[in-house]
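Chains A and B, in that order, give the protein sequences. Heads up: the first sequence runs through residues 1 to 259, numbered per our numbering. Heads up: the second sequence runs through residues 1 to 397, numbered per our numbering.
Keep in mind that the hints were calculated from the coordinates and are not lab data. Quick caveat, the model's predicted, so the values are computed rather than measured. Do not rely on the hints blindly, as some may be mistaken.
What the hints assert, rightly or not - Straight-line alpha carbon distances no greater than 30 Å define the calculated DSS-like cross-link-like pairs of lysine-lysine that follow: (1) B/329 <-> B/251; (2) B/28 <-> A/198; (3) A/14 <-> B/329; (4) B/242 <-> B/287; (5) B/329 <-> A/191; (6) B/62 <-> A/198; (7) B/178 <-> A/191; (8) B/287 <-> A/14; (9) B/62 <-> A/191; (10) B/123 <-> A/49; (11) A/180 <-> B/251; (12) B/42 <-> B/123; (13) B/251 <-> B/360; (14) B/280 <-> A/14; (15) B/344 <-> A/195; (16) B/372 <-> B/329; (17) A/191 <-> B/132; (18) B/280 <-> B/62; (19) A/180 <-> B/42.
What follows is each chain in one-letter form.
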Amino acid sequence: MNIIVCIKQVPDAKDVRLDPKTNTLAREGVAAIMNPFDRHALEEAVRLKEQLGGTVTALSMGPPQAKEVLLEAISCGADEGVLVSDRAFAGADTWATSYTLAKAVQVLGAFDLILCGKQAIDGDTAQVGPGLAAQLKLPYVTCVQKTREASAAMLRVERMMDDGYDVVQLPLPALLTVVKDINEPRVPSLKGKMKAKKAEIRVLSAADIKAEPQCIGLAGSPTKVARVFSPEPRSNRRMFSGTAAEQVSQLVEEIRGYL
Amino acid sequence: MLALKCPRLCAQENTVDYFLTEEQRMIKETARQLAEEKIIPKRAELDERDEFAAELLRDIAKADLFAVLVPEAYGGMGTGAFDIVLALEELARGCVGVATSFAACGLGILPILISGSEELKHKYLPSVAEGKHWAAFGLTESNAGSDAAGIRTTAVDGGDCWILNGTKQWITNGGEAKIYSVIALTNPEKGIRGASMFVVEDGDPGFSYGKKENKMGIRASSTRELIMKDCRIPKDRLIGRKGTGFITVMKTLDVSRPGIASLGVGLAQAALDEAARYAKQRVQFGKPIISFQAVQHMLADMAIQTDAARGLVYGAARHIDAHPADASKVSSMCKVFATDTAMKVTTDAVQVMGGYGYMKEYPVEKMMRDAKILQIYEGTNQIQRNVIGQELNREYA
Ligand SMILES: Cc1cc2nc3c(=O)[nH]c(=O)nc-3n(C[C@H](O)[C@H](O)[C@H](O)COP(=O)(O)OP(=O)(O)OC[C@H]3O[C@@H](n4cnc5c(N)ncnc54)[C@H](O)[C@@H]3O)c2cc1C
Ligand SMILES: Cc1cc2nc3c(=O)[nH]c(=O)nc-3n(C[C@H](O)[C@H](O)[C@H](O)COP(=O)(O)OP(=O)(O)OC[C@H]3O[C@@H](n4cnc5c(N)ncnc54)[C@H](O)[C@@H]3O)c2cc1C
Chain A
1 MNIIVCIKQV PDAKDVRLDP KTNTLAREGV AAIMNPFDRH ALEEAVRLKE QLGGTVTALS
61 MGPPQAKEVL LEAISCGADE GVLVSDRAFA GADTWATSYT LAKAVQVLGA FDLILCGKQA
121 IDGDTAQVGP GLAAQLKLPY VTCVQKTREA SAAMLRVERM MDDGYDVVQL PLPALLTVVK
181 DINEPRVPSL KGKMKAKKAE IRVLSAADIK AEPQCIGLAG SPTKVARVFS PEPRSNRRMF
241 SGTAAEQVSQ LVEEIRGYL
Chain B
1 MLALKCPRLC AQENTVDYFL TEEQRMIKET ARQLAEEKII PKRAELDERD EFAAELLRDI
61 AKADLFAVLV PEAYGGMGTG AFDIVLALEE LARGCVGVAT SFAACGLGIL PILISGSEEL
121 KHKYLPSVAE GKHWAAFGLT ESNAGSDAAG IRTTAVDGGD CWILNGTKQW ITNGGEAKIY
181 SVIALTNPEK GIRGASMFVV EDGDPGFSYG KKENKMGIRA SSTRELIMKD CRIPKDRLIG
241 RKGTGFITVM KTLDVSRPGI ASLGVGLAQA ALDEAARYAK QRVQFGKPII SFQAVQHMLA
301 DMAIQTDAAR GLVYGAARHI DAHPADASKV SSMCKVFATD TAMKVTTDAV QVMGGYGYMK
361 EYPVEKMMRD AKILQIYEGT NQIQRNVIGQ ELNREYA
């Protein structure tokens, strides 16, 4: 099974700040890490490869330093890393990102499965996975918490729901986005690190993937960020105290007041 | 190069530069990331439940650290004692119980590495390098602790097999390992000079396990009896020549002791990290307790001793990797110093943290319990001092 894992390099959540003037994330001087959900997508891909054979390709769109997460992916079991990088991609929203990744996937050739994280911890939209599937006209399942069955032709997976889970079967090729419950990612191995040390990351430009200039970067992004702000903390909060039983009866009283 | 992804511990990384190679740094980083991401979140529960850390050993295997125990010629990527010391130190920073189980795999295959035939090496070492099979080392018996010469287990030539009888006590990885290197008397009249080493495999006829011990510390490791009742093993399981078992054991322990010493270094570092972090945030008399000189001096001594121990252990491991004619004294010195340091530093960490340090909500209580075994196994620190003293007596003859 040949698998492509989409990996985004994100600022470490511990020190994210907003630039008050531009309303964008201030990324300078902030440690960059592999999007945590994508570590789980990668782990699932490597497990499927160990089970069924095939290859795992890590794909990222980002600036040149995003090579780091692709090398990390190789040290965790990916066979190769591909970076889609071009100044023309700057300012991409989820639509332009999905379009760009789709064009890159088409350049990479035949595949059976694309795995994405459920969401990126910076953009947080959870749109790129489904967007990419739509661009490529692939069946997809989001929020996958478990792979129940995998073969060369189909997957049977569990989709996490608020009140349980759905079991979904889909034909390949397909796309999944995964939640953290799906597995516990391994740490980079010694042999993987040795391999990453020697690895060359393939870099694809806008021209390489034959992207339409009006579909990428700021020009290709219908989303316009009007304003980013922290909501005012709500002030009318009350904490109950006492034993659990006392707190419950206070809560019941409180709710009665509204009925 | 790949950046180290564990800032919590790295903030404390302001110590002597040992000029590690890139590969050595990779080993250290890998072991540290395992400790941070896999071991630390599980250590309290494993300790509480007295549960063998099988899953964590599999995580260690996936990260290729078992390969460090085995030379390249036999499927590993190890270059000697120093690399192993680096891995063990970082694993012990997470949990000495888990690190002990890993260390015992290294100990278990050393007799094969040191004295075994090429056939035995090719047969057993690759699966250990992969982390697929675990190993153990069986020397101690109920009447033979410090005095290894007291062993009673026998091995009799049964024509097409060896027949082993006897019981080994307190064997780390007992019941969990696949490969056991065991010493037994092949010529009982000669005592320990008539002993030989064998490989016993899990599942061999007549081979079983006794009860699992309930221990003070390192509870994530398994300590069990090995019971051999007319245990028949193929002839080619003899390690080295007949009658050389005791020499193999002594050489094995000379090489392995820096490993135990490094567990002490990692543990002391972990206790210092916890205590210093706590002392900065705990306020009494209106100030963080780290501002009191009495507390500062304790922390200073803990840091001095930990760094001194690390220097001695690294030096000893590098000395061993230079293959000296005799490494006993240096190997014993680093074991004594680093493990006494671990006991002292973990005890002081509890003191710095006061009543909170004594509670199971904080990790230093477990660290103090875990430290004690380091002064006992692989030769008590009294026995190590005997070795050092006797060596001095010879040197100054
Ligand atoms: C309201 C809004 C505000 C924004 N603000 C900013 C901003 O301040 N600064 C800024 O730089 N951008 C901003 N963006 C840009 C942009 O939308 C996202 O960073 C980018 O499109 C990815 O979307 P996401 O981060 O939500 O990813 P998600 O859709 O949450 O990611 C899901 C999965 O898709 C894959 N994926 C996502 N991005 C990539 C990638 N680049 N390469 C490979 N795989 C990927 C990963 O597998 C990931 O787990 C904003 C977008 C919106 C809608
Ligand atoms: C958790 C655990 C794991 C172990 N794992 C293994 C293993 O994997 N394989 C294995 O073979 N063994 C193992 N052992 C055994 C361990 O190596 C022995 O416990 C150790 O060598 C000491 O032997 P003893 O406990 O019988 O103590 P004893 O020899 O009875 O010693 C008792 C006390 O007397 C002192 N003493 C004894 N003789 C002298 C002397 N001549 N001079 C000064 N002081 C002396 C000792 O230092 C000690 O303080 C393990 C033990 C434990 C507790």
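Q. Are there hints from earlier that the structure breaks, and if so, what are their numbers?
A. Numbers 3, 4, 5, 11, 12, 13, 15, 18 - these are the hints that the structure violates, sorted from lowest upward.
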